[in-house]
Amino acid sequence: MIGFNIISKYIELSSKGENDSIDITSDVKRILFTSKLKDGIVTLFVMGSTASITTIEYEPGLKKDFPRMLERVASKDIEYEHDNTWHDGNGHSHVRASLVGPSLTIPFHGSDLCLGTWQQIVILEMDIRPRNRKVMVQIIGIY
Amino acid sequence: MIGFNIISKYIELSSKGENDSIDITSDVKRILFTSKLKDGIVTLFVMGSTASITTIEYEPGLKKDFPRMLERVASKDIEYEHDNTWHDGNGHSHVRASLVGPSLTIPFHGSDLCLGTWQQIVILEMDIRPRNRKVMVQIIGIY
Amino acid sequence: MIGFNIISKYIELSSKGENDSIDITSDVKRILFTSKLKDGIVTLFVMGSTASITTIEYEPGLKKDFPRMLERVASKDIEYEHDNTWHDGNGHSHVRASLVGPSLTIPFHGSDLCLGTWQQIVILEMDIRPRNRKVMVQIIGIY
Chain A
7 MIGFNIISKY
17 IELSSKGEND
27 SIDITSDVKR
37 ILFTSKLKDG
47 IVTLFVMGST
57 ASITTIEYEP
67 GLKKDFPRML
77 ERVASKDIEY
87 EHDNTWHDGN
97 GHSHVRASLV
107 GPSLTIPFHG
117 SDLCLGTWQQ
127 IVILEMDIRP
137 RNRKVMVQII
147 GIY
Chain B
7 MIGFNIISKY
17 IELSSKGEND
27 SIDITSDVKR
37 ILFTSKLKDG
47 IVTLFVMGST
57 ASITTIEYEP
67 GLKKDFPRML
77 ERVASKDIEY
87 EHDNTWHDGN
97 GHSHVRASLV
107 GPSLTIPFHG
117 SDLCLGTWQQ
127 IVILEMDIRP
137 RNRKVMVQII
147 GIY
Chain C
7 MIGFNIISKY
17 IELSSKGEND
27 SIDITSDVKR
37 ILFTSKLKDG
47 IVTLFVMGST
57 ASITTIEYEP
67 GLKKDFPRML
77 ERVASKDIEY
87 EHDNTWHDGN
97 GHSHVRASLV
107 GPSLTIPFHG
117 SDLCLGTWQQ
127 IVILEMDIRP
137 RNRKVMVQII
147 GIY
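Chains as they are written, first to last, in our numbering: chain A, 7 to 149; chain B, 7 to 149; chain C, 7 to 149.
These are computed hints drawn from the structure, not numbers from a lab.
Hints may be right or wrong, so weigh each one.
Same chains, same label: a pair holds when it works inside one copy or across any pair of copies.
[As the list claims (entries may be wrong)] Computed list of lysine-lysine pairs in DSBU-like fashion (alpha-carbon distance at most 30 Å, straight line):
hint, residue 1, residue 2
1, Lys-70, Lys-44
2, Lys-82, Lys-15
3, Lys-44, Lys-140
4, Lys-44, Lys-22
5, Lys-70, Lys-22
6, Lys-69, Lys-42
7, Lys-22, Lys-69
8, Lys-69, Lys-44
9, Lys-42, Lys-22
Since the structure is predicted, the reported quantities are computational estimates derived from the model, not experimental observations.
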C-alpha cells in the first residue's frame, strides 16, 4: 500500500477592500512542497460569502478588467433586496461572490501543481471594505 | 497507516421551479457527522444540465438578487438557438447552469465543514418547471 | 484496508479557435474505466488562462448560446487594460476564462460518473486563435 496523507492548512490574508485581488500561488506551492506529497489534489476554499477564488493571469491590466466585468453583471449602483433588508451596502458583493464561487481544486503530479505558465491562483475581495480572509488549503495525496 | 474511507450518498430534493434555491447545508453536515471522518473533502455534484450549486448567504433578499443577476446575463426574453431547435423554452436555463456550474468541493477539518458563518450551500433550480433533483455527496477522508 | 489509488493522465486536444467547445466526456469515461476504480472523484483541470471547463448539454444550439452569453458579459468590442498593455487582443478571453473557471470535480460511484443524461463535460476555448490544450484528469478512488 502506497503512503497516503491529508494535510490541512490555512492561509490568512488581509484584503485592501473591494476589487482587491491577491495572488496566493506561491503560498500554495510552499505548502505543497513542505507536504512532500507527490500526486494528488489541492482543494482551496475561501471562507465567507463575499470573496471568491479563481485562476487568472495576474497582471495589472486584468486586475482591473475582471472587476469591470463584475460591475457590468452586478453593478453596485442598482437596487438589491439584500441591501433593502440589511442596509450593509454589499448586496452586489454577495451576488458576485456566489457567481464566481468559493472553491477551486487543482491536481498535482510529480510534486508539481498543474497550472499553466500564465495562470495564477487569486483570491478576489468583493466586499466593500478591507477584510481579513481565511483560505483553507487541503492536500490529499500519496508520497 | 491512518484509516481512510470514501462515502457516497445522494440528497434527493424537489424544486418549486425556476429560480428556486434550496439550502442543503444541514443535509451535508448530517452526512459528514454520520461518516465519523475527521479530515478530508466533501464533493457535491448536481446531476442535470439545468441546475447549479454554489454558496450564498441564504436570506430572502439574496434569493431574489441572484436570479435577477442571471436574468441580466441570460435573459429568458431573448432568442436561444437551443429553443429554436428543441422548443422546450429552457435555453436560458442551460446557459445559466453552465455558467454557475454543477460542482463544489468543500474541505473539512476536525469534523467541521470549512464554511464561513454566513455561507450556506445551495442548489439553484434554473429550469422552467419544478424538478426532482439528485445531488451526489461524496466524502473522501481519514478517521 | 481497502485498496486505494491516485491516477494522473492528460487529455491533449486542439481547439479550432474562439468559442470552440470540445466534448471530452468519452475520454474521461475511458480513463475511469481503465483505472478499474469503483468509488471516488475525477478532478479535471485545464491548464492555461484562456480556456475553461464546465458541463453542458452538448448540442449545436447551446454551442452558440453559451458564447453569446459570454459576449454580453465580456464583449470583445470594448476596451481592456490587458490589451492596452500587451496588445494581444485577448483581454476578453482572460476575463471569460476566469469567470467560468478551470476546474471541475465529478464523483463516481460503482464505476459510474455521476453525470445527468444530458450533461456532458466540455472544454471551452476562449482564446482568439486555435490552441493546443492540455487537460489533467486525476482520479482518486478505491477498488
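One pair to classify: Lys-42 and Lys-22, alpha carbons no more than 30 Å apart. Within, between, both, or neither?
Close neither inside one copy (33 Å) nor across copies (39 Å); limit 30 Å.
Can you tell me if Lys-44 and Lys-140 fall within 30 Å by alpha carbon in one copy, between copies, both or neither?
Classified as both; 25 Å inside a copy, 20 Å across copies.
First find the shortest C-alpha distance between Lys-22 and Lys-69 inside one copy, then the shortest across copies, and answer within, between, both or neither for a cut-off of 30 Å.
both (13 Å within a copy, 28 Å between copies)
Alpha-carbon proximity context of Lys-44 and Lys-22, limit 30 Å
Neither. Shortest intra-copy (35 Å) and inter-copy (34 Å) distances fail the 30 Å Cα cut-off.
My question is about Lys-69 and Lys-44: at a cut-off of 30 Å on alpha-carbon distance, are they close within one copy, between copies, both, or neither?
neither (32 Å within a copy, 38 Å between copies)
State whether the alpha carbon distance between Lys-70 and Lys-22 is at most 30 Å within one copy, between copies, both, or neither.
For Lys-70 and Lys-22, both the intra-copy (14 Å) and inter-copy (29 Å) Cα distances are at most 30 Å.
Is the C-alpha distance from Lys-70 to Lys-44 at most 30 Å within one copy, between copies, in both cases, or in neither?
Classified as neither; 36 Å inside a copy, 40 Å across copies.
With identical chains treated as interchangeable, where does the CA-CA distance between Lys-69 and Lys-42 reach 30 Å or less: within a copy, between copies, both, or neither?
neither (33 Å within a copy, 42 Å between copies)
As a check of your reading, is Lys-82 near Lys-15 (CA-CA no more than 30 Å) within one copy, between copies, both or neither?
Intra 34 Å, inter 40 Å, cutoff 30 Å: neither.
Taken one by one, the earlier hints fail for this structure at numbers 1, 2, 4, 6, 8 and 9, listed in ascending order.
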